[in-house]
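Novice: Below, each chain spelled out in residue letters.
4 protein chains.
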Amino acid sequence: MMHKTRPVRLNFNGKPVVLGGGRLAVIAGPCSIESREHLLETARGVKAAGATFLRGGIYKMRTAPTSFQGIGESALGFVSEVKREIDMPLVSEVTDPRQISDIADHVEMIQVGSRNMYNYELLKELGRLKKPILLKRAFAATVDEWIKAADYVVKGGNEDVLLCERGIRTFEPTTRNTLDLNSVAYLKAHTSFPVIVDPSHGTGRPELIGPMSLAAVGAGADGLIIEVHPRPKEALSDADQALDFAQFTDIIAKVSAVARALGREIGTQP
Amino acid sequence: MMHKTRPVRLNFNGKPVVLGGGRLAVIAGPCSIESREHLLETARGVKAAGATFLRGGIYKMRTAPTSFQGIGESALGFVSEVKREIDMPLVSEVTDPRQISDIADHVEMIQVGSRNMYNYELLKELGRLKKPILLKRAFAATVDEWIKAADYVVKGGNEDVLLCERGIRTFEPTTRNTLDLNSVAYLKAHTSFPVIVDPSHGTGRPELIGPMSLAAVGAGADGLIIEVHPRPKEALSDADQALDFAQFTDIIAKVSAVARALGREIGTQP
Amino acid sequence: MMHKTRPVRLNFNGKPVVLGGGRLAVIAGPCSIESREHLLETARGVKAAGATFLRGGIYKMRTAPTSFQGIGESALGFVSEVKREIDMPLVSEVTDPRQISDIADHVEMIQVGSRNMYNYELLKELGRLKKPILLKRAFAATVDEWIKAADYVVKGGNEDVLLCERGIRTFEPTTRNTLDLNSVAYLKAHTSFPVIVDPSHGTGRPELIGPMSLAAVGAGADGLIIEVHPRPKEALSDADQALDFAQFTDIIAKVSAVARALGREIGTQP
Amino acid sequence: MMHKTRPVRLNFNGKPVVLGGGRLAVIAGPCSIESREHLLETARGVKAAGATFLRGGIYKMRTAPTSFQGIGESALGFVSEVKREIDMPLVSEVTDPRQISDIADHVEMIQVGSRNMYNYELLKELGRLKKPILLKRAFAATVDEWIKAADYVVKGGNEDVLLCERGIRTFEPTTRNTLDLNSVAYLKAHTSFPVIVDPSHGTGRPELIGPMSLAAVGAGADGLIIEVHPRPKEALSDADQALDFAQFTDIIAKVSAVARALGREIGTQP
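Residue numbers (the numbering used here), protein chains in the order written: chain E, 139 to 408; chain Y, 139 to 408; chain S, 139 to 408; chain Z, 139 to 408.
These are calculated hints, taken from the structure and not from any lab test.
Each residue gets a CB set at the ideal place from its N, CA and C atoms; glycine is no exception.
A portion of the hints provided could be inaccurate.
Subject to a maximum C-alpha distance of 27 Å in a straight line, what follows is the list of computed DSSO-like cross-link-like pairs (lysine-lysine) [said to hold, decoys possible]: (1) Y:Lys-371 <-> E:Lys-286; (2) S:Lys-371 <-> Z:Lys-286; (3) Y:Lys-392 <-> S:Lys-142.
Calculated Cβ distances over 12 Å to all of chain S for the following chain Z residues [as the list claims (entries may be wrong)]: (4) Glu-223; (5) Asp-234; (6) Ala-242; (7) Thr-387.
Covered stretches of chain Z (chain S as the covering partner; in silico rule of three or more C-beta atoms under 8 Å from a C-beta of chain S) [as the list claims (entries may be wrong)]: (8) 212-219; (9) 288-299.
All chains should be modelled from the sequences, with the hints used to inform the complete structure.
Specialist: What follows is the structure, encoded as structure tokens:
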């Protein structure tokens with residue numbers, strides 16, 4: 139019954155990068171890229187702690203039209219340089235089909251945020267791309283709908299889809315969302331998509347990100363995506379749930395121990 | 139505390155049409171427009187029963203990429219003619235910012251479906267349009283997020299937004315969704331947006347559409363939007379919840395009686 | 139397909155009282171009975187407005203052990219006298235099988251609160267009683283579980299069960315609960331139990347109780363149960379959602395108009 | 139901010155047993171005790187795999203009145219003998235305050251099932267007992283309500299309360315419930331109650347119990363409670379989610395590895 143996960147492969151800086159191939163990916167970085175210096179400082183910090191992939195928002199989806207919406211195109215001038223200097227590939231989100239051509243050359247993986255999981259026109263466009271897609275689950279998507287959304291990309295011709303569990307909406311107010319690790323165990327047992335877990339959005343509380351990262355590894359996740367900021371209180375978005383470098387370093391050490399106990403290792407090399 | 143609703147006004151066939159001005163709008167028609175004849179037959183049937191506005195999908199959002207996706211642009215050739223012949227304005231959905239310019243000349247109101255409520259790039263584009271927007275609530279949107287989504291349109295310069303409650307996702311499997319009429323009463327008390335209720339998607343069961351239409355009027359809705367098909371079993375989408383003309387006619391008679399008991403009348407004339 | 143509702147009949151003060159027989163029952167009174175004077179004053183006020191049945195908590199279920207738990211047995215000394223004086227039957231809640239014998243002689247209908255819907259030992263005991271049971275839906279009970287809970291009473295030998303919708307728990311924070319009127323329409327179409335709606339708990343906001351009472355009548359409810367207090371701000375429990383006499387009187391007038399539009403009338407006489 | 143967990147201590151067969159003291163408790167056994175032989179066979183099997191505590195239902199809560207309700211008092215004649223022979227303490231559920239005096243002498247820990255979490259009269263009675271209480275979270279209880287329910291027991295004089303997460307009700311149909319491990323991490327960070335996780339009810343699918351047991355350890359749980367049956371297909375209740383001995387043995391080996399990676403060990407000895 140257990141499906142074998144189909145790994146997603148890409149090349150970066152002349153080296154192969156594999157997600158879902160057995161090793162545990164650690165994707166980290168800021169919610170929003172605030173400036174060249176901010177991205178560089180964050181990338182150095184998360185790499186030193188053991189992260190293997192960079193995250194960072196260029197275009198942001200915000201509930202209120204008056205909230206900070208990301209620095210947009212102006213980031214495109216420096217992200218490639220920073221990535222090369224730090225030697226880490228980057229995942230970033232698109233929020234409109236018309237952004238794809240601009241951003242595609244600057245990122246190694248494109249994220250579809252939870253608010254866009256049902257944006258089928260966007261998914262169809264991404265199906266025509268030759269680049270891995272990190273598809274976040276919508277707030278209240280059933281697992282079946284999530285798989286069908288991935289199928290929009292796959293049927294378009296792009297099989298490199300990773301699913302990202304980031305918490306669902308329930309009646310519980312203690313946490314920002316309810317991280318549904320059942321879904322991770324289910325997807326690993328019944329589909330071949332690599333599965334990434336986002337404990338930052340999945341809890342919304344810094345003190346729970348460590349335990350829930352370990353839990354995600356136990357549930358079988360192929361990787362973690364975690365929000366880190368050099369000085370979380372100064373973050374322009376998601377300030378409440380970003381980790382500082384010390385917290386992140388401590389968590390990754392424990393994640394590594396649990397991964398090894400299950401015969402795995404942190405990494406994205408083949 | 140009670141806010142006064144700000145009516146949405148438009149012109150059709152040389153006459154003014156008002157939504158949210160005290161009268162109760164009845165918007166009806168097929169889930170998807172299947173052909174010129176199908177639209178014409180449906181429009182005649184719902185008009186005879188008392189409907190004042192036509193609905194009909196040109197581009198459809200479907201959970202599975204293999205489901206019928208609407209007839210698309212080919213409908214644009216005949217909808218204007220049918221509308222004029224029947225003398226009913228039309229609301230239809232856009233699912234991509236790139237469709238707006240094509241469809242805008244052919245419809246009197248543009249619907250944003252629940253899967254696109256968080257599609258802020260689409261909402262920003264609709265904010266630049268001079269046409270009423272019917273904004274459906276996402277499956278699991280809080281009322282506050284829904285209002286903020288409407289603000290994306292309003293802040294863009296288009297104040298003519300109507301909110302459409304179509305049911306939320308809960309643990310209850312008996313009905314397709316849980317129609318949240320609390321939200322209708324809340325929006326009428328605390329905002330100035332006209333509120334339309336969709337008992338077809340809100341229940342997913344034909345035998346509940348009548349009672350829930352009456353309930354919506356009781357809760358204070360400014361209008362109803364109901365799926366009707368000449369032969370529901372043959373519908374290309376939402377066959378399970380479409381009403382036939384006899385069922386629809388019976389419901390509208392009761393809706394009219396309840397509206398009158400509350401000092402209101404079905405209609406969209408000033 | 140439509141089931142005919144099986145009415146619940148009882149006798150009070152030498153006269154027959156019928157619930158679910160076509161007329162619309164209006165059950166009103168305080169959340170908790172605070173004293174003889176408080177009950178008498180409230181009963182007079184709600185009767186003047188058109189209520190036909192009295193509600194009032196003797197034993198209360200409270201989330202926190204330190205909250206007011208009801209005045210308990212001490213109420214039993216005066217409730218019968220007040221009821222006779224005002225000529226209104228009373229419904230009150232039991233929270234433990236051991237309370238039944240004490241309270242049964244003093245009330246005309248026994249309420250099972252939402253927290254006890256799954257208390258099957260209590261339901262089995264009530265199945266042995268000759269007295270109508272008002273069974274509230276649990277916060278997160280499916281309609282099917284709710285019907286099965288009613289079956290515990292019916293199978294015990296007591297067919298006089300009324301179901302009370304009081305709102306379910308969802309992700310929406312604007313209202314205390316989400317009143318699920320779909321369930322009312324469903325129960326009326328598919329079961330023979332009379333259905334009562336509680337818009338007080340179902341919304342938790344006074345300004346929504348009126349619209350949602352009208353909505354409940356539209357959905358087909360056999361009656362309403364509403365919290366009223368002579369001076370809501372002084373109430374010992376549920377102070378935030380109790381109506382005063384003026385608010386209640388205004389609502390009942392509108393409820394009566396909608397009921398008449400649907401060929402019904404407020405009342406519990408045959 | 140991190141609270142130190144207050145361990146629960148008891149004596150069994152002349153030896154101390156500790157839950158929440160740092161070691162990881164593994165509680166296992168059948169959903170319902172079906173006979174003396176069935177209990178003995180199951181107890182031997184789970185002990186061989188490494189379980190340290192026995193579970194087994196004597197009185198069962200079932201949604202439908204016609205389902206198997208447990209063998210009741212007749213189990214009390216043999217459970218003490220089986221426990222002594224196997225040298226494992228037993229946890230079993232009470233569903234009515236009137237059962238407590240019968241069962242208390244035969245079990246080392248009393249379980250309150252999720253349907254009774256709001257049964258405050260039962261909780262008050264258990265507050266007077268000198269025996270640990272395993273308090274399951276209700277289907278849709280907030281974490282705050284769950285803590286307040288535990289306070290009913292504590293305020294009654296019994297501080298030995300363990301909280302058991304068993305999944306909450308959401309819109310997701312793939313799994314029986316959504317196991318909320320966020321709540322486990324939250325309770326460990328913010329309260330001093332030991333926390334047990336039930337992946338059997340929390341998933342309802344045998345293939346997910348292993349991964350979610352590991353996840354629970356990662357989230358910080360003090361123990362697991364798992365349904366095991368010698369021949370799951372023949373089980374009189376919960377046949378769909380019971381593990382056989384081979385499956386259980388395999389899971390416990392992995393649980394042990396993850397626990398050791400986090401500096402812990404399976405066990406209930408001090």
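Novice: Determine for every hint whether it applies to the structure shown.
Specialist: Here is how each hint holds up against the structure:
With a C-alpha separation of about 25 Å, the suggested pairing of Y:Lys-371 with E:Lys-286 holds against the 27 Å cut-off. Distance restraint check for S:Lys-371 and Z:Lys-286: the Cα-Cα separation of roughly 25 Å lies within the 27 Å cut-off, and the hinted pair is therefore satisfied. Between Y:Lys-392 and S:Lys-142 the CA atoms are separated by roughly 20 Å; this keeps the pair inside 27 Å, and the hint holds. Remark: the non-interface label on Z:Glu-223 is consistent with the geometry, its nearest Cβ contact in chain S lying 31 Å away (cut-off 12 Å).
Against the 12 Å criterion, Z:Asp-234 falls within the reach of chain S, whose nearest CB is about 4 Å from its own CB. The claim that Z:Ala-242 lies off the interface holds: its Cβ sits roughly 17 Å from the closest Cβ of chain S, which is beyond the 12 Å cut-off. Every CB of chain S lies more than 12 Å from the CB of Z:Thr-387, the least distance being 34 Å, so the non-interface label holds. Counting residues of the stretch 212-219 of chain Z whose CB lies closer than 8 Å to any CB of chain S gives 0, which falls below the minimum of 3, so the coverage claim is violated.
Residues of the stretch 288-299 of chain Z with a Cβ under 8 Å from some Cβ of chain S number 3, which satisfies the need for three, so the listed coverage holds.
Violation of the numbered hints given earlier is confined to hints 5 and 8; the remaining hints are satisfied by the structure.
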